[in-house]
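**Q** What follows is the residue order along each chain.
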Amino acid sequence: MTNEEIRDQLQQAIKGERVMLFMKGTPDEPRCGFSARVISMLDVMGTEYSALDILPDPRIRQELSELSGWPTIPQLFVNGELVGGCDIVTEMFETGELADTLGVPQPELEQAPAAQAPGQSPPLQIG
Amino acid sequence: MPSIDEVKERIETALPGSRADVSDLTGGGDHLRAEVTYDGFAGLSRIQQHKLVYDVFGDEIGGPIHALSLKTSTPDGDHR
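For the record, the sequence lines run as chains A and B.
Using my numbering, count along the first sequence one by one with no gaps and you end on 127.
Using my numbering, count along the second sequence one by one with no gaps and you end on 80.
Source of the hints: derived by calculation from the structure; they are not laboratory data.
Don't be surprised by glycine CBs; every beta carbon is placed ideally from N, CA and C.
Misleading hints may appear alongside valid ones.
Facing chain B, from chain A, some residues (calculated, C-beta under 7 Å) [unchecked claim]:
(1) Glu29
(2) Gly80
(3) Gly84
(4) Ile88
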């Protein structure tokens, strides 16, 4: 597969899937804690999403980062637009913006306190 | 692999007037977290704010710096 073909397939995935996650590993077997965390949040949201494993070919990540201008994995796209990586998705999860972006009702969760001491970000309480 | 102090200095140099608090998440030196406060983030989306910081390091992200976790804000605490 040429780099152009990889790029075309990535663009199709971004444009064609309403919620598209590029990750390391698969939703059932994430290969990185950051990818696993985003999967957990999407699962809590109860939204349907597609996921693509970037690990099988290093060119996938190169082409993706060139397309998005974003250097790290995971990358979450909604309606063809980059929402962010693990940090931004986590912040949006905590503020309720993620539900808005995904177009789903905010699940009933124990919300993280609005004002956290720096560096005291607790792990997500999920499940 | 840049040290915590180098990462802090490079962010604060590249974004004049910013303040970066950098910590090592795992103790291994390659999973870093930076909390960056910068006037210039005002009016930018989170994506744009994070990109400004990532751009300081270019290809080093994903290479020598395996992961750089970010939290960005403006001095008045505005996130957006």
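**Q** Of the hints given before, which are not true for this structure?
**A** 1, 2
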